[in-house]
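Colleague: If you read the sequences in order, they're chains A and B. When we follow the numbering used here, the leftmost residue of the first sequence carries the number 148, and every step to the right adds one. When we follow the numbering used here, the leftmost residue of the second sequence carries the number 166, and every step to the right adds one.
No lab work stands behind these hints, which were simulated from the structure alone. Be careful, since some hints might not be right.
Taking beta-carbon pairs under 10 Å as the criterion, some of the chain B residues facing chain A (in silico) [claimed, not checked]:
no., residue
1, 210
2, 232
3, 235
4, 244
5, 246
6, 247
7, 254
8, 256
9, 260
10, 261
11, 300
12, 304
13, 306
14, 437
15, 441
It should be emphasised that the depicted structure is a prediction, and the values quoted were computed from it without experimental measurement. The beta carbon of each residue, even a glycine, is placed where N, CA and C say it ideally should be.
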Amino acid sequence: MATPIALRVLEGHARAYRHTWRGTTIGALVRPALFLTAIGVGLGTLVDDRAGTADALAAPTYLAWFAPGLLAASLMQAGSADGMFPVMAGMRWVGTYRSAINSPVRPRDLFLGNLLWSVARIAVIGLAFVMIAAAFGAIPLGRGLLAVLPAALNGVVTTAAISAFVVTRDSPQVLAGMNRFLILPMFLFSGTFFPVEQLPDTVQPVVLIIPLWHGVELTRALALSSDPALPWGWHLGVIAAVGLVGVLVGSRLFTGRLRR
Amino acid sequence: MKRFGAFTAVAGIDVEVARGEAFGFLGPNGAGKTSAMRMIGATSPISEGHLRVLGLDPEADGVELRARLGVVPQEDTLDQDLTVEENLYVFGRYFDLPRRTLRTRIDELLDFVQLSDRRNDKVDPLSGGMKRRLVIARSLINDPELVLLDEPTTGLDPQARHALWERLYQLKQRGVTLLLTTHYMDEAEQLCDRLVVMDQGHIVAEGSPRQLIERHVSREVVELRFADGQQAHALERLEQLDGDRRIERLESLPDRLLVYTPDGDAAIDAVNELALDPLTLLTRRASLEDVFLRLTGRQLID
Numbered sequence: 148m149a150t151p152i153a154l155r156v157l158e159g160h161a162r163a164y165r166h167t168w169r170g171t172t173i174g175a176l177v178r179p180a181l182f183l184t185a186i187g188v189g190l191g192t193l194v195d196d197r198a199g200t201a202d203a204l205a206a207p208t209y210l211a212w213f214a215p216g217l218l219a220a221s222l223m224q225a226g227s228a229d230g231m232f233p234v235m236a237g238m239r240w241v242g243t244y245r246s247a248i249n250s251p252v253r254p255r256d257l258f259l260g261n262l263l264w265s266v267a268r269i270a271v272i273g274l275a276f277v278m279i280a281a282a283f284g285a286i287p288l289g290r291g292l293l294a295v296l297p298a299a300l301n302g303v304v305t306t307a308a309i310s311a312f313v314v315t316r317d318s319p320q321v322l323a324g325m326n327r328f329l330i331l332p333m334f335l336f337s338g339t340f341f342p343v344e345q346l347p348d349t350v351q352p353v354v355l356i357i358p359l360w361h362g363v364e365l366t367r368a369l370a371l372s373s374d375p376a377l378p379w380g381w382h383l384g385v386i387a388a389v390g391l392v393g394v395l396v397g398s399r400l401f402t403g404r405l406r407r
Numbered sequence: 166m167k168r169f170g171a172f173t174a175v176a177g178i179d180v181e182v183a184r185g186e187a188f189g190f191l192g193p194n195g196a197g198k199t200s201a202m203r204m205i206g207a208t209s210p211i212s213e214g215h216l217r218v219l220g221l222d223p224e225a226d227g228v229e230l231r232a233r234l235g236v237v238p239q240e241d242t243l244d245q246d247l248t249v250e251e252n253l254y255v256f257g258r259y260f261d262l263p264r265r266t267l268r269t270r271i272d273e274l275l276d277f278v279q280l281s282d283r284r285n286d287k288v289d290p291l292s293g294g295m296k297r298r299l300v301i302a303r304s305l306i307n308d309p310e311l312v313l314l315d316e317p318t319t320g321l322d323p324q325a326r327h328a329l330w331e332r333l334y335q336l337k338q339r340g341v342t343l344l345l346t347t348h349y350m351d352e353a354e355q356l357c358d359r360l361v362v363m364d365q366g367h368i369v370a371e372g373s374p375r376q377l378i379e380r381h382v383s384r385e386v387v388e389l390r391f392a393d394g395q396q397a398h399a400l401e402r403l404e405q406l407d408g409d410r411r412i413e414r415l416e417s418l419p420d421r422l423l424v425y426t427p428d429g430d431a432a433i434d435a436v437n438e439l440a441l442d443p444l445t446l447l448t449r450r451a452s453l454e455d456v457f458l459r460l461t462g463r464q465l466i467d
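Using the sequences and the hints given, assemble the complete structure.
Modeller: Laid out in structure tokens, this is it:
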């Protein structure tokens, strides 16, 4: 039986990973480990010294509250990187997409293959993160493994949305701009480092449309065995909706850009 | 027919290529060669018209058709993260070729393009000619019935070009149909059984290299160079020979005067009779280049 074409693309990514895994994976793990140490442990000690913190955060320690947020945010960041660099390289820098479509591979297979590869990569990074966090005593291993699911889902949804946008861009400069003005603010202000209740009242509703905030809520609820801010289905619904739109629009945009 | 918005890249071309033939699209930059190739290769939808490749409709049967094609694009687009061998392997997997089949075929192809000793090297340090040969090998990974080559030797040094032509000639001998675009006339003369000259999206001539030369230019060309300021005078004198069988056509270039003639020696006699006294005088056979420049003009087109 013929292998689905997107899986053939996935195999190509896996082959290239033999050469690139050091740079991409270690980077994706070292960063969270540094954040866990500096913010979770270092700053967390100060936070925990203040009376009433545990009640306000509904968590035993700041580290325990911060780690699941960081998990979701890190996988979002890994997902956005997967949507940026491989797509810009395939379309522009190297042009591998332009040669791949001379084979049975279709533009949508390139999109889906990259997305599937992102699933694999994010799963690995997520699992490794949980083990590191468990070693820090930040997340119990069992609940942590469960908490990887919504964090990884949000990460892959990010890949879909970002790659759908990046495929339409000609200049690589847009990537730096996106990292600065989209990814970093999301990373910082989606309830990752501090509760969104600390944000000014006027800004707070904005988080409702940020998938990462929903991902953080679900990840943290599973890690701490608590309830998320909104009903579970709402959080999941927003992430799934962004993902669905990303996949549908992404497939079309890849086709539109490559089949001209 | 191919349109991009208001711009018509391919305005209407009507060609049939037989199996086993080597067919060329010639034309200046922007003539519509690449657009035509991409439509044939089922990676670009046709705006209008009828196109069948290997009996298939590129629009409806793109996946099936591309499985039987080999494509050498203008740019190399090799995967920089992969080794020489892996570039072939990954591309072969795109065709869902079994790993075992791929292993033997990669050995054969690397041998064919003389890259066996570089198989475990990354792509980046390879020379331009080597990269090009690797792209040719990649295009052959699925044992294609038809190979599309878009300017296969542009930017290569003479040795690399000849090495490549030799490989392509061998492919032709094996019965593979070749379709290539080029703006090198020597390449077209070397490789093509038949070709069309394209200009601004239209076909302006069609035939074998020999036929095109016979039809559009004379058999021989005499090139005359004169001392400063003498050329205009010489042209005037030669033009007065209007009706002389020895001279078919004259063309004045900034640096020399071309005399198209059925017989070079006779034309030189005519020049000597007029006592024109050129600085240099050269007789050569008319080439496809003369046809090309005659048909597509001498102005620079971008």
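Colleague: For each hint given before, does the structure comply? Return the numbers of the non-compliant ones in rising order.
Modeller: 14 and 15
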